[in-house]
Amino acid sequence: MDREQVIKALKDSGKWGHKYSFWVVYFCTGCGIIEIPPVITSRWDAERFGIIPVATPRQANLFLITGYVSLKTLRPIIRTYEQMPEPKYTVGFGSCPINGGMYWDSYNTIKHLDKYIPIDGWIAGCMPRPEAIFIAITHLWTMIDKGMANAYKKYRKQYKYYRRNQEMALGELQWPPLYPIDEDE
Amino acid sequence: MREVELYFGPQHLGMVGNFSITLKVEGDRILEATANPGYLHRGFEKLMEYRTWIQNFPLVCRINVVEPDHMEMVYAMAVEKLAGIEIPERAQWIRSIDLELARVGSHLFGLWAYANMLGFDTIGQWAMYHRDLILDLFEELTGGRVYHIYICPGGVRRDFPDGFADKIVKTLHSIGKHVPDYDDTFFNNPLFYERAHGIGKITQEKAKEWGAVGQVVRATGIPYDIRKVEPYAAYNKVDFDIPTREEGDAYSRIWVIRDELIESVHLIFKLLDNLPEGEVYNRVPNPFKWRVPKGEAYVRVESSRGELGLYMVSNGEDKPYRVHFRTPSYSHGLTILEKVLKGANIADVGNAMISLYVVAPEIDR
Amino acid sequence: MKMNKKLAEELELTFKDIEVSTPEDTKIEIFAHKEQVLTILRFLKNKGYNHLALISCVDWIEKAEFELVYILTPYLQDYEAYKKIGDIHLKMRIPRENPETGTVISIFPNAEPYEREIHELFGIKFAGHPRLTHLLLERDYEIPPFRKDFDTREYVEDVFGSIPPIKEEKE
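Chain order of the listed sequences is A, B and C. Going by this note's numbering, the first sequence opens with residue 9, and the numbers climb by one from there. Going by this note's numbering, the second sequence opens with residue 45, and the numbers climb by one from there. Going by this note's numbering, the third sequence opens with residue 506, and the numbers climb by one from there.
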């Protein structure tokens, strides 16, 4: 680290802690999971960026949604996202969460994932290379520096609309709302 | 003691792939296990009815992410059988080499999953690194690391680049010289024997009754392999063995996987030695306006998990009428897993599941 | 080859009212009725066809029929033995209105998930099946999704297109 980075780190050590230790929830969501083991093992070593997979969402602050999301998977994804402590960041991996990708006319997959949970950034490709994940992580660092990675704050402020979209897609949800909903706004 | 219902659910450190098992346990012992697939269902067979024959190729290889080449092969074989397309000789041999490289890559991936689950992290790191060397070979040949779209009806898309055969030999040698290390660290380790011996034991009669294919049936002593029963591509022109074991438990299945890995490497060397010259692609005119004649076909190949089959019905139009994949993980993950987990311990669920070589996207399609 | 034709003749003699044809050297096609399926399968299993590879269903909407196909293969070990026996495709048709038939789990225990999937995706009832619950789908659909009159693109427009995006907040 050079002098400017040391000054930046000392000025805002909270952000320094968030950026350089992204702990990823281990959840194999879709077919993008095939490029995650190469990323976390010795060839494209992700631990030099501070990324390790952890067992439970309570210990994690990065959620990587790898690949398409089917209706049945959306429930565990929402529950996992709501259990992560703040500040938390989500990245959509692959072309399928962006707009449905190759399965745009399937009756069982979700087309736009950011109608249901907030997303900080997308990685396009089918499959993206492991280097693309690392470039995305450096973009996320820049966003955290500038204060632009605010997806979790958006979820808190607009929870009413997210919850309504989730109920429209899935029917009745078996868990209570995470934040209190004002009905008269 | 009372009964508790546990969810070995999709977000779990021992689960590879998006699959879930509901367990009814009493203390530490499982009374009943119910497999819960469907997290990856895309409705492939319905989507394929809306796309033309050539547009289905990028779609077909995404059914099984770990080894997509066998899916392309079985689709190309079915279309060729229905339409009566002939393939040049060199294309058959190149297809076999491609499929065997995919088999080596898939077995290394399975080794990562199994060794990581047991706790042998070193083997996981080595296996993933060696698999990445094979993905580099695929990238040079086809342009993509994971999804190749290389095998088309009429042959393969392009020929080997210059010096590619030497590169294959060099890469496989550099993987092969680590086999004694793998043996000393994992396969001959008494800890592996203690952990895997007797888990998920299946007898010969039960394996046949429950519809087992692939390593599950070869580990009980029956050498059933589609490459010998109904040869396709260039498999009837070279000589190779089918490794088997006797006991039928997780230990035998992993040893069968190791033996098959080494046998595949030797088979690639034999195929490269006798590769004939010639064309690799019989151009089929107007692919966007193909009409395949009326009929039906059931073709099968031996993927790295077992017998992979495709039942295809055509109505004479430019789109398929009905396509149905018979994947090997279907009977392993839904029938055999539930029967094998009855009376087992909770700590053995991951062991049984990964040694049966179940891949979740194959079940759901 | 000769065993192929011999088996075809034996089937025609044993069972009435079925059609047997041998379109290729290693394939026998049998067209049977709904009630005969169980006895024919038991007969074939004793002859050595002990692997039920696939139960598939085709929706012939113009003729208003569903066609169920049972594909049986033998657990043999080499090509010479297989060439003499081959595969069997057993087909039967049932009408599209209120489709139902019996289960074959008593002969082939691995038929259970195939029948469950066909029930959920095509709407065919299998009498005697121990659990006809959801396998792959998450919800019930008005028309079972793999039937030809279910238009998946229209369904996607209706259900997913009607969910509005979250607007950016204006400060």
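Hints were generated in silico from the structure; no laboratory data involved. Any given hint might turn out to be false.
Partial list, derived from the structure: chain B residues whose beta carbon lies under 7 Å from chain C [said to hold, decoys possible]: (1) Glu47; (2) Tyr51; (3) Gly53; (4) Val213; (5) Lys252.
Calculated cross-link-like contacts (lysine-lysine; reagent style DSS-like; alpha-carbon spacing at most 27 Å) [claimed, not checked]: (6) Lys672(C) <-> Lys596(C); (7) Lys596(C) <-> Lys568(C); (8) Lys539(C) <-> Lys252(B); (9) Lys672(C) <-> Lys154(A); (10) Lys333(B) <-> Lys653(C); (11) Lys672(C) <-> Lys272(B); (12) Lys125(B) <-> Lys672(C).
Beta carbons: idealized from backbone N, C-alpha and C, even for Gly.
These are the hints, each one checked on the structure:
1. Annotation: interface hint on Glu47(B) violated; nearest CB of chain C at approximately 19 Å, more than 7 Å.
2. At its closest, the beta carbon of Tyr51(B) sits 16 Å from a beta carbon of chain C; the interface hint therefore is violated under the 7 Å criterion.
3. Taking 7 Å as the C-beta contact cut-off toward chain C, the hint placing Gly53(B) at the interface is violated, the least distance being around 15 Å.
4. About 29 Å separates the beta-carbon of Val213(B) from the nearest beta-carbon of chain C, more than 7 Å, and the hint is not met.
5. For Lys252(B), the suggested interface contact is upheld, since its CB lies about 6 Å from the closest CB of chain C, less than 7 Å.
6. Restraint check for Lys672(C) and Lys596(C): not satisfied, since their Cα atoms lie roughly 54 Å apart, outside the 27 Å limit.
7. Taking the CA atoms of Lys596(C) and Lys568(C), the gap is near 16 Å; set against the 27 Å cutoff, the hint holds.
8. With a CA separation close to 26 Å, the supplied pair Lys539(C) and Lys252(B) stays within the 27 Å bound.
9. For the suggested pair Lys672(C) and Lys154(A), the alpha carbons sit about 22 Å apart, so the restraint of at most 27 Å is met.
10. With a C-alpha separation of about 23 Å, the suggested pairing of Lys333(B) with Lys653(C) holds against the 27 Å cut-off.
11. Of the supplied pair hints, the one linking Lys672(C) and Lys272(B) is violated, its CA atoms being roughly 60 Å apart against a limit of 27 Å.
12. Restraint check for Lys125(B) and Lys672(C): not satisfied, since their Cα atoms lie roughly 53 Å apart, outside the 27 Å limit.
Comparing the model with each earlier hint shows violations of hints 1, 2, 3, 4, 6, 11 and 12; every other hint is respected.
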